[in-house]
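Student: Residue numbers (the working numbering), protein chains in the order written: chain A, 586 to 904; chain B, 6 to 302.
Heads up, some of the hints might be wrong.
[To be verified] Partial selection, computed: residues in chain A whose CB lies under 10 Å from chain B:
| id | residue |
| --- | --- |
| 1 | V596 |
| 2 | N598 |
| 3 | P615 |
| 4 | F737 |
| 5 | V750 |
| 6 | D765 |
| 7 | T766 |
| 8 | A768 |
| 9 | I772 |
| 10 | I833 |
| 11 | F885 |
| 12 | T898 |
Calculated from the structure, these hints are not laboratory results.
Just so you know, these numbers come straight off a predicted model, no measurement behind them.
Ideal Cβ positions, reconstructed from N, Cα and C, are used throughout, including at glycine.
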Amino acid sequence: MAAVQSSRQKVLNRAAVAVVVLLTLVYLVPIYWITSTAFKPRSLATTVPPTVLFQPEVTAFIKLFTKRVQMIGKASPEVYDKAPWWEKRIYDLGERIIKDSNGNSELSAYPSRFLNSLIVAVSSTLLAVAMGTLTAYGFSRFRMPGEQDWLFFILSTRMLPPVVVAIPMFLMYRAVGLVDTHAGLIILYTAFNLSFSVWLMKGFIDEIPKEYEEAALVDGYTRMEAFFRIVLPQSATGIAATAVFCFITAWNEYAFALMMTNRRAQTAPPYIPSQLGSGITDWTAIAAGTLLFLLPVAIFTFLLRRHLLRGVTFGAIRK
Amino acid sequence: MLSRLDSRSPAARRGLSDLSIRNLFIIPTIAFLIVFNIFPLIYSLGYSFTDFSASSNAPATFVGLQNYRDLLNDDHVWNNFSVTARYVLLSVGGQVLLGFGVALLLNRRIPFKGLFTTLLLVPMMMSPVVVGLFWELLYSPSWGIINYALGLGDLAWLSDPDVALYAIAITDIWMWSPFVMLLCLAGLSAIPQHLYEAAAIDRAGRWFTFTRITLPLVAPLLLIAVIFRTMEAFKTFDLAFIMSSQETTELIAIKLYRLAFQEWQTGPSCALAYMVLIMVLAITNIYVKYLNRARDR
C-alpha cells in the first residue's frame, strides 16, 4: 500500500514540477519579448508571424540616446568612413545624428530623464530611510501614548491615492515655485516612502534583543551611543532591504511625476510613454528605453529575494 | 523601557534622556507627514466646498455641499465607480485563483524552487507604466504575439470598449498573482505536517482535508493579500491610464486626474478626492487590523 501511495505521489510531484516549469516559462514571455524587441532591427519588430530568430543588434540603444533626422540621399563616403561605428549604424538607416555647433552629437532627452530618476530616487530613499530608522527605533524601544494610533496614522499616509494628495500639493507647489523641480519630487517621494520605511524598520529593530543595548547602557554608554554603535550595525541588513524597497518605489513612481513635472525634473516613467505619441512608433527604441529602466529593478529584486515577503506586507510577515 | 529614563546611572545623566531621544527620533517624521500629507488634505477639504478652478484667476466662491451633491447625482461618476468595482473584482479574483493555485503546486519539494519563486516575483517590482507600455506591444491587434499565439485574429484588446477592461485586468493579474502566491506559500509552509497525517489516519478525503485544514490555516495570510490588492486595485491609476482611454476603463482615479488636471475643476475634484479618501481609509483600517493579527500570531 505504502509503495503504491508513494509511486502515485511521485507521478503527482513530477506533474506539478512540469506545470510549474511551464507556467514560469509562459509567465516570462512578456519579459523575454521586450528584451528581444530591444535588440531587433526595426523591420523585424512588428512582423507577422512574430520573428523569434534574428541577428541581435544594438541600434535601438543608439537611437534611444541620440537626436536624429531623416537624410535626403546618402552620407558622402569620407564622412561615413570617419564616423565612429555607432554613427555608421544611424547612417545605414538613412538618418543622421544632429550635431551641436562644436560638432558633438546631441543627446536625446532619455539620458537626462534617466538621471532625474536617479537623483530623485536616491535622495528620497536616503531621507526616508534615515528618518524612518530613527522613528522606528523610537517606536520600538520607548513607550508612547497612543502608539498604535500613531502607527496607523503613519501607515495611512502611505495608502492615500497619489492623485488625492497631488491636487492640493500642486496648488501649494505652484505657490512656492516647486513645480517641475527635483526638490518638489524628492519631498513627495520621501513622504510617500517614510511610512513604509518606519513600518519595515520597526519590524527589523524589534528583532534586535533589547539586552544588547541594556548591557551597553550598564557599561556606561549613553542611549545615543548605544543606538549608533549597537543598534545601527545590527540592523544593517534591514536598512539595506528597506532602502532597496524605497528606491524601487520612487524609481517606478508615475502619477506624481506626471502631475508635478513636465520637463526639467521629469523622470523616466512619464517620459518613456510620451515617445509613443510622436510620429510612427519605433518599438525597438521604446523597448530599449524600457529595458534599461527595468534593469536596476530586476537586479534589486534578485538581491532582495529573501526580504520580499516582508517588504510587501509592511514588515508584518517575517520569513 | 521608559523607566530607564529615571535611572541614575552616570551615562543616563551624561547623555540625553530617553524621553528627549524618543521625541527627537519620532517628532520630525510625524511633523513631516503632517506638513506634506495632512496639511494639503485640510487645504483641499476647504476647496471641496468652493467652485475654485486652478486654471483661472477668479477667486474661490463658497458653494457649500453643492460639489458633493453634483457628484452624487452624476451618472458618469457612478459609472466610474462601477468600472472600478468590476476592475477590482476581475483583477483580485484572478490573482487569488492563480496565486493560490500556483502556491498549492509549489508547496512541495521542487528542484530550483528558489529560482522559480524569484523569477515569478520580478514583474510585481516593475513600474506599472512600463509594464502597461510593453503589454500594449503584446496586445497589438495586427502583429501582437498574444493574438498570434492564441489565434485570435485581430482582436483589438485595448481599443474595443468591451474587452479593454479585461485586458488591463489580465496585465494586473500577470503582475500581482505572484504576490498572492508568495503569501499563500508562507501560509502553506507553516501548516504543521502532523495535521495532514492525522487526517490521513482518519481516512479524510482530499476535499475535506483541503477545506478543513489547508484553507482555514492559509486564510489569515490570504486575507491580507486580498485586502491589500483590493486597495491597490481600487486606487489603480497608471496601468489603466497608460493602456487605454476608453470610457469603459475610466477608473475612479483616472476620473479624478481628468477632473483636476485636464478640466481644472479644482473644487469638484477635491470633493471627489475626499469621497475616494474615505473609502481608502476604511479599507486601510481593515487591512491594519488583519496585519496586526498576523503579526501577533
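Student: A separate judgement is required for each hint: does it hold in the structure or not?
Tutor: Outcome of the hint check:
| no. | hint | in the structure |
| --- | --- | --- |
| 1 | V596 | 13 Å, violated |
| 2 | N598 | 6 Å, holds |
| 3 | P615 | 6 Å, holds |
| 4 | F737 | 6 Å, holds |
| 5 | V750 | 6 Å, holds |
| 6 | D765 | 14 Å, violated |
| 7 | T766 | 15 Å, violated |
| 8 | A768 | 12 Å, violated |
| 9 | I772 | 6 Å, holds |
| 10 | I833 | 6 Å, holds |
| 11 | F885 | 7 Å, holds |
| 12 | T898 | 6 Å, holds |
Violated hints, in rising order: 1, 6, 7, 8; the structure is consistent with all others.
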